[in-house]
Amino acid sequence: MEIVRSQRKVADAAAPPGLSLYRSAPAVEVRLEDFELYSIHRLRVLQGISDGLSRGKKPEEMEKLVKELWRTHMRHQDPSEDMNKDIISHFVLRLVYCRTEELRKWFLSMETALFRYRFRLESPESQRTLMSEFQLPYKSISHAEFEAVKDKLNQVARSTGQLSNALISINLCYMQAPFEEVPDLVANRRVFLLKGFAYVAMTQVVSLVSTHFRSIVSKALVLTNRKWTSTIRDKEKNRLTPIVEALSTSYLGPDYSQPKDFSEISLKDIDRLANSSFPLCMRHLFDKLRENHHLKHGGRMQLGLFLKGVGLRLEDALLFWKSEFSQKVGPEKFDKEYAYSIRHNYGKEGKRTDYTPYSCQKIISSTPSVGDHHGCPYRHFSEENLRAALGKMGVGGRSVDDILDKVRNRHYQIACTLTFEAIHAASCDTGINHPNQYFDASQKILQNKSQTTS
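Be aware that the sequence shown starts at 1, since it is given in UniProt numbering, and climbs by one per residue.
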């Protein structure tokens, strides 16, 4: 796969239709813009799958979710380019996520889940074609073998809720595979075992295929990592490397550099809004600012850009920060040492850059030191402190236990989403990915409730 700056892509005539096994990079030329855009689109699909699995969606719900995610993000405006977009985006993200063990683990799990659900959506003919490409260690059972174990297969089918009349069919509906090839089916007692072999129905073959797909991608990620560290990273340090290194932590949602739904907030309303609509990370910073009349640089950046994004004008921002800091450092020192950075965040000093509020991913990845209050409370707070903070926000009972369970499994954004849902008594199916998204969604709900009761 060669990356070019603006040449037309050459379609891979040999590319197979339908679902790809991603055995080798496609022989296509990829524009630099598509290199990044395709990977972002696929990343949205993988993150949607991750959120769905973390929220405990049922298999049928996940199948529907994956179908919708793929339709929304991975369809090309030219249908003939759909396969190219699929394969290119996979290989780009393979490069992005090969770089650390943690990244490899996440990518491998999400790509395997994506493959599993896409395979289930394929036609039986396409499924058989893919199985032949895998060269799987299975064999179709003979009629005599089928008759010998038919009663046992019926028992398994009844115990797992499958229709027994599905077994009154030709023996090609079942295959024999080494039991270690279908560990999830064995663990859930969904197959009949005999002499080290599992009898797998065609409706269950996705388990067998997914195991081999995972093995292929796992080995490929290790090889890609070696190539990345030995040649690609340095060779492409001025072109691809910055894109690759940024993609794994990129925020893919709306731009909150300017308020959209709620144009302005005033100083007189800021305490009320903090109590009703600030996410925990910003609520904590706001409370510490009121308590200590000071925040270190990381806290000032995180809270200041958030306030800018929710509609605090520059003039009010200067008054807000000065009223707090002056109580500790005095007005003259504030004007000399802190006012510039506030104007800078609003694009009025220095490079005149209009800085964007921090996303959840950026906040979670930060590493606050002693005396700092920025970062993600769900990641950085002790369990005791997190319980107390949630209680202060009005979250209690079973909701706290559910939130802490997500925190223990490092699903920090899901924990924040559950907090939002507990406080507002409303679902948030999209999940919380940005503090300013939390604020906007909260304000919409509160305003709707206010209009309903008035």
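Some clues are possibly wrong.
No more than 30 Å apart at the CA atoms, straight line, and that leaves these computed lysine-lysine pairs for DSSO-like [as the list claims (entries may be wrong)]:
1) 58 - 406
2) 351 - 296
3) 85 - 296
4) 152 - 85
5) 406 - 351
These are calculated hints, taken from the structure and not from any lab test.
Taking the hints in turn, this is what the structure says about them:
no., hint, result
1, 58 - 406, "holds, 17 Å"
2, 351 - 296, "holds, 23 Å"
3, 85 - 296, "violated, 44 Å"
4, 152 - 85, "violated, 45 Å"
5, 406 - 351, "violated, 40 Å"
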